[in-house]
Amino acid sequence: MTIALVFLGIILATLLGWLVKQTINTTPWEMEAASDTAHHGPLGGTTDKSKLIALVTFLAVASSFFALILSAYALRMELGDWVPLTEPQLLWMNTVMLIVASIVFQWTRNASVNDQQSRLKPGLMITGVLTLGFVLGQFVAWQQLQNSGQLVSSNPSNAFFYFLTGAHAVHILGGLYVWARATLRVVLGTGSAEGIRRSIELCTIYWHFLLIVWLVLFGLLLST
Amino acid sequence: MSYVAFADRDHEQEHHDPETFFTKYIWSQDHKVIAIQYGLTAIFVGLIALGLSVMMRLQLGFPNEFNFINPEDYYQFITMHGMIMVVYLLTALFLGGFGNYLIPLMCGSRDMVFPYLNMLSYWTYLVSVIILVASFFVDGGATGAGWTLYPPQAISQGTPGIDVGIILMLVSLAVFIVAFTMGGLNYVTTVLQARCKGMTLMRLPLSVWGIFIATILGLLAFPALLVSAIMMLFDKTLMTSFFMPAVSSMGIDPGYSGGSPILFQHLFWFFGHPEVYIVALPAFGIVSDLISTHARKNIFGYRMMVWAIIMIGGLSFVVWAHHMYVSGMNPYFGFFFATTTLIIAVPTAIKVYNWVLTLWEGNIHLRVPMLFSIGFIFTFIHGGLTGLFLGNVTIDLPLSDTYFVVAHFHMVMGVSPVLVVLGAIYHWWPKISGKMYNETLGKWHFWMTFLGAYAIYLPMHYLGFAGVPRRYFAMGNTDFLPDSAQDLNVAITISAIFVAASQLLFFINMIWSLKSGPKSDPNPWDATTLEWHTPDHPPKHGNWGHELPEVHRWAYDYSVPGYEDDFIPQNVGADKVPAGRDRDGEH
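Which chain is which? The protein sequence lines are A and B, in order.
Everything in the first sequence is counted per my numbering, starting at 1269 for the first residue and increasing by one.
Everything in the second sequence is counted per my numbering, starting at 36 for the first residue and increasing by one.
I should point out that these hints are in silico values taken from the structure, not numbers from a laboratory.
No incorrect hints appear here.
With a cut-off of at most 20 Å between alpha-carbon atoms, the simulated DMTMM-like pairs for lysine to aspartate or glutamate come out as follows:
1. 232/B x 1298/A
2. 611/B x 585/B
3. 611/B x 1298/A
For reference, chain A alone in the conformation it holds in the complex (with noise of 0.2 Å):
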């Protein structure tokens, strides 16, 4: 569980941190007193910065999902019928895959800010077919598995290895609906270039988050 713990022990610093800026020196019962540093902030109704916030604290959320299996991932590994898993080699292309697929979604949203709406469609038709082929690659890479007797009961390191990819990959594939969401608006033509910017900038947000996860599944998959 130390896993998880560092990894709560990181968020709620965070949070803390932020807690302390916001609360400590304030003495809401003084008339008025606050109302010098009060929140001016964005007054109901959906924007961008709850859109943000929202992605985050799921990103927080997701993120101690992962960290809860790696740390079940450790207490299960110490014992003692625990045999390693030798991963496909197609784990590797799967990888540059979705480094790719992160890379041409930062260009495209770097391409979206600066108003250069000609290449959002080629950028989010990239990013969609090489994450859709990470997909696929990871699915293929199971059904080597499978083939080779490795099957999901055989021993505890491969159900974790399913487990692992297949949780990762139900996110990546939340991811690609919105994806396919922001891309129709798009190809279509439909919806403001702002509403489209912001699309693509979460969705950016969340590619990098998945990537990052990835790589860090991978390594303790390659490690162990």
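Here the structure of chain A is known, so what remains is to put chain B in place on it, guided by the hints.
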């Protein structure tokens, strides 16, 4: 974005008020309607769980009388009662119900930031409830693994419901977690982003603070339950061995090997302990507001109260293994977890002292919500003190499997939050329905519930000390127990039936109030917080009419010297209050 810019935008995007019955009450995106949907669903499953507890008590009080309750049923009742009460009733009611209703109104916003997601959250929750309830009716019935669902027994032959029941339970939990995450993202973002002008974090009512921190706990802790539920589903359906050791089950080898049941316990309690505070923190927050309002006095130590909530939230993540003392652990770990557990008593005690100090020299109005709040202080102190016993390894070991533990956790996280729930419903009922309830009937309801709850749980402590084991369908070789233990069990059962039946008063009161109760004043308690100062009563879609409120003070300006009323609403500006008042002003 500045305030003005938004105000402009607010006019542009005229709120499309829902018109048909369906968009208004069923597929509603209005946080108030969603709150009521959450509340009604949660109370509905809660009543099922209440019924189950009566069945269990019938068996325990009169072991040979009720032949229709067999041991399998009993374990299914225990399991479903615990799971429903903790997750599907209290978590859903506090966060989905009160969180939804109070956050936008108290923060001065028009709705949750993502109304559609909010609606989706409720319907997903409803799906999880339906899956859960469906498990009663499948082949083999609901799971009887205990609410902790410990492997290996949860998925081994001999436990009721191992074919379908356990799968439905795990799937239902997973769906619930998805629903909670959608709601939770909304609550956090709304508190952070949608507060009205002047509403600083430190001017938020403590109800919002409690719900806010509890939501963060939930968002970080529920994934642990999700992970363990998925892994157990793997073990059950795909024959993996995450948790399952090599077992021989009724002479058959089911094919597991090497798994670690302790791993499940770690994951489960990593969720399970914060869960206690997911239920407790909203109760803490709400009860602070109730006490302050009905004692006509500002809450004592507001900043301390906020920080106590935050500290309890943080600490709740490092105490989980105190649920696992009997599983065996390195003595140093036991020492560590006992220490952290006892440290939680510090912020908790701060809160209790502050509630009592708020009452001190207050102008106490013993209305129904106040009665429930004071009742909560009693039951919470009571349950908290027994927690100090159980937090210590050496005392926990002999008591862990006895009724002492049942008494402890029912006092601290059963009765206490439920008293707050009831008090809060009475408190906000006029706002929700626009009608008043019958005060006398409410008082009867309080006293019957409060005294009845003591009649149930106080004797259980003695049973625990005497060594009556918990979880047992019937006493086995327990000759060391005096016969009077059974007399006590009979008394407890009668009290339990009495308390369960007395809840009828609550429903009669509320239904009567809806049908023919007198119209309530928009602010019947003379409260300061924003929800009592909406232009419409009860508030309509969009909450604030044309203009958002503007906040000029904290939520606790009660009995301010020199002001005509004994309360100053949060949205009253400085110009309307006589000058010269500050905190050094005469008392």
